[in-house]
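Per the working numbering, residue 1 is the first one in the sequence shown, and the count goes up by one each step.
Just to be clear, a hint being listed does not mean it is correct.
Said to hold, decoys possible - Subject to a maximum C-alpha distance of 30 Å in a straight line, what follows is the list of computed DSS-like cross-link-like pairs (lysine-lysine):
(1) K69 - K90
(2) K69 - K36
(3) K69 - K52
(4) K52 - K36
(5) K90 - K52
(6) K94 - K69
(7) K94 - K54
(8) K36 - K94
(9) K51 - K28
(10) K54 - K28
(11) K54 - K36
(12) K90 - K36
(13) K51 - K90
(14) K69 - K28
(15) K28 - K90
(16) K52 - K28
(17) K54 - K69
(18) K51 - K94
(19) K94 - K28
(20) K36 - K51
As the list claims (entries may be wrong) - For each label pair, taking beta carbons as the anchor points, the in silico distance ranges come out as:
(21) K54 - K90: 48 to 54 Å
(22) A41 - K94: 21 to 27 Å
(23) I29 - P57: 41 to 47 Å
(24) V61 - E89: 47 to 53 Å
(25) T78 - T8: 17 to 23 Å
(26) T8 - K69: 40 to 46 Å
(27) R45 - K69: 15 to 21 Å
Hints were generated in silico from the structure; no laboratory data involved. Note that the coordinates shown come from a computational prediction; the quantities given were computed from them, not determined experimentally. Where a beta carbon is used, it is the ideal one built from N, C-alpha and C, also for glycine.
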Amino acid sequence: MRVIFYLTKIVHMVYLSTIKTVLVERPKIMTPNEIKSRLIARGYRYPDVAKKVKPRPVNRVTVAVVVNKHAHSRPIQTAIAEMIGEPYEKVWGKTA
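Throw the hints in and build the complete structure from the sequences for me.
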């Protein structure tokens, strides 16, 4: 009976440490609402972002699609990250 108790305890500890590792190591990226509120707080709107995109300006609707994470555009994402003053990885993650 003791053996089963200790094995159960060990399995439980391994399970909890696995969950803790997954939760701790996963980088937190910003949600669309966080991105929108950061832009507004700094005085920017989607047309402002659209004008800043290099090599050429884009449509504000395209900016909205990228912010809501329905599409990816590295130039738009980079411009947004610069405008809100955060590193690209914190806003969009490593693989965006």
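Cross-check of the supplied hints:
1. K69 - K90: Answer holds: K69 to K90 is near 14 Å, not above 30 Å.
2. K69 - K36: holds, 12 Å
3. K69 - K52: Since the Cα atoms of K69 and K52 sit roughly 19 Å apart, the hinted pair holds (cutoff 30 Å).
4. K52 - K36: holds, 16 Å
5. K90 - K52: holds, 20 Å
6. K94 - K69: holds, 14 Å
7. K94 - K54: holds, 21 Å
8. K36 - K94: With a Cα-Cα distance of about 20 Å, the restraint between K36 and K94 holds, given a limit of 30 Å.
9. K51 - K28: holds, 28 Å
10. K54 - K28: holds, 27 Å
11. K54 - K36: holds, 20 Å
12. K90 - K36: holds, 15 Å
13. K51 - K90: holds, 23 Å
14. K69 - K28: holds, 15 Å
15. K28 - K90: holds, 7 Å
16. K52 - K28: holds, 26 Å
17. K54 - K69: Holds, at roughly 20 Å.
18. K51 - K94: holds, 25 Å
19. K94 - K28: Holds, because 11 Å separates the two Cα atoms, which is no more than 30 Å.
20. K36 - K51: Cα-Cα ~17 Å, so holds.
21. K54 - K90: 48 to 54 Å: Given about 21 Å between the Cβ atoms, the range is violated.
22. A41 - K94: 21 to 27 Å: Because 25 Å falls inside the window, the suggested range holds.
23. I29 - P57: 41 to 47 Å: Given range 41 to 47 Å: violated, Cβ gap about 26 Å.
24. V61 - E89: 47 to 53 Å: violated, 26 Å
25. T78 - T8: 17 to 23 Å: Hint violated: Cβ distance 50 Å, outside 17 to 23 Å.
26. T8 - K69: 40 to 46 Å: Holds - the Cβ-Cβ distance for T8 and K69, about 41 Å, lies within 40 to 46 Å.
27. R45 - K69: 15 to 21 Å: Holds - the Cβ-Cβ distance for R45 and K69, about 19 Å, lies within 15 to 21 Å.
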